[in-house]
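> Listed here are the chains, written in short residue letters.
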Amino acid sequence: MQEPSAPDIAPDARPRLPRGVRLVHNAAQGGWVLLAPERIFRPDAVALAILQRCTGAATFAAIVDDLAVEFTAPRQRIGADVATLLRSLADKKLLEL
Amino acid sequence: MVAPAQESPPRPLGLLAELTHRCPLGCPYCSNPLDLDARADELDTATWARVMREAAALGVLQVHLSGGEPGARRDLEHIVAAAREAGLYTNLITAGVGISTARLAALAAAGLDHVQVSIQDSEAASADCIAGYDGAFARKRALAGDVVRLKLPLTVNAVIHRANIERVGAMIDLALALGAGRVEIAHAQYYGWALKNRAALMPAREQVGRAIAVVEAMRETHRGAIVIDSVVPDYYARYPKPCVGGWGRRSLNVTPSGVVLPCHAAATIPGLDFWNVREYALADIWTSSPAFNAFRGTDWMVEPCASCARRSVDFGGCRCQALALTGDARAADPVCHLSPHHAGLAELARSDADAAYVYRRI
Ligand code: SF4
Ligand code: SF4
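Chains as they are written, first to last, in our numbering: chain Z, 1 to 97; chain F, 98 to 459.
Check each hint, because a few of them may be wrong.
[As the list claims (entries may be wrong)] Only pairs whose alpha carbons sit at most 27 Å apart, straight line, appear in this in silico DSSO-like list of lysine-lysine:
{"hint": "1", "chain 1": "F", "residue 1": "338", "chain 2": "F", "residue 2": "293"}
{"hint": "2", "chain 1": "F", "residue 1": "293", "chain 2": "Z", "residue 2": "92"}
{"hint": "3", "chain 1": "Z", "residue 1": "92", "chain 2": "F", "residue 2": "338"}
[Said to hold, decoys possible] Footprint (simulated), chain Z over chain F, 3 or more residues, beta carbon under 8 Å:
{"hint": "4", "region": "156-165"}
{"hint": "5", "region": "178-191"}
{"hint": "6", "region": "247-258"}
These aren't lab readings, by the way, just hints derived from the structure by calculation.
C-beta: ideal position from N, C-alpha, C; glycine also.
Use the sequences and the hints to build the structure in full.
Encoded structure:
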């Protein structure tokens, strides 16, 4: 079986939310939402854990290390999942890499 | 008879705040009502600030500051600041004429999250002719430049109709050149002034087909460079869209004078009792005003919608369009091929001849 190839992201990239994209907690809507131009996303637990680390401070490599510990999962698999999410967010202009 | 327990309505996500109907442009496709609110009837700053707080408490996440031209209000910075303070995501929808570089910087400092600038065409002369305003195109370009320099996200909105439809690709490329992260290709919707100008605006079916193909191809070639959102024109669809995500489900609209509408054209439906923020709290209007409950859910439906499997998907389409084209606001939106009025709609789309613009004026 072939592994689906994960998008390439430099280990030292520092993903961050651009201006106009905000992760906020809204009590009336019952949780975390990602607000962007004309868009509203409700991240699941994994996406939320990733987004909360995209502050521009941590590198991609550090985020993957951190999440591999938090979710006690193999680093390679976490790396592929995080890369896939970050690339799709970047394509939608919801993230800067 | 036992009435079913009244379900509490879902919480709205978006508020369209029509801050003023004043606008320097005169676009013939404007969806504002023919009977525009006068400046003297506009809500004051404190009332808008209260509306923002009440909206956020109700669950609203994003406010779209619109009009008319919101920049025509001197207190726009204060309204933006009040919205941000309430926790709302603030989106400015502007014609791009009359907001100076300094003004935009003040709006950014007040916490503005996103700017949407309209363009009328990719060519200056045609764009200015459509807007009914000489020099509008150049001023919009300048404002877009200011937005990008301030590092605010920019969306370019282009309303598509007969005069510009052949340049839909050029308009997407213009949006990209202006530094927009997102472009909205919105085929004209025929409400308000647009309905009055329908004969002059409606493109031919072949033109619509070509425009859709161009947009779909560019979505692929421009992936990652610009997000292209497009709304397929109603009159050529098989099923209607769930208008505003369903009546009284996702969003509400406050007019310059404080009337709260389920959608921007709802006031065209006679006999509905709309409440005003001057007299009621927004949450009470959302849950209890007769206008919001008139077409909420599916109980009000008649055939073919009442027994249709899609009734909770599209909610029968747009009530205002149903009224305008069939005379009955409860009828299926004639965009739906199951509507007995659907064939007549195709005829209408085909037979409208050329006509001169009636520019939007207060
Ligand atoms: S559509 Fe044109 S006329 Fe109407 S509010 Fe917008 S810019 Fe002004
Ligand atoms: S019949 Fe009514 S509910 Fe069914 S698809 Fe058509 S508009 Fe929607």
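> Now tell me, hint by hint, if it's right for this structure.
Hint check:
1. F:338 with F:293: Judged against 27 Å, a Cα distance of about 22 Å means the pair holds.
2. F:293 with Z:92: Distance ~37 Å between residue 293 of chain F and residue 92 of chain Z Cα, so the pair is violated.
3. Z:92 with F:338: 23 Å, holds
4. 156-165: Holds, because 3 residues of the region 156-165 of chain F bring their Cβ atoms closer than 8 Å to Cβ atoms of chain Z.
5. 178-191: Per the Cβ count (3), the hint holds.
6. 247-258: holds (count 4)
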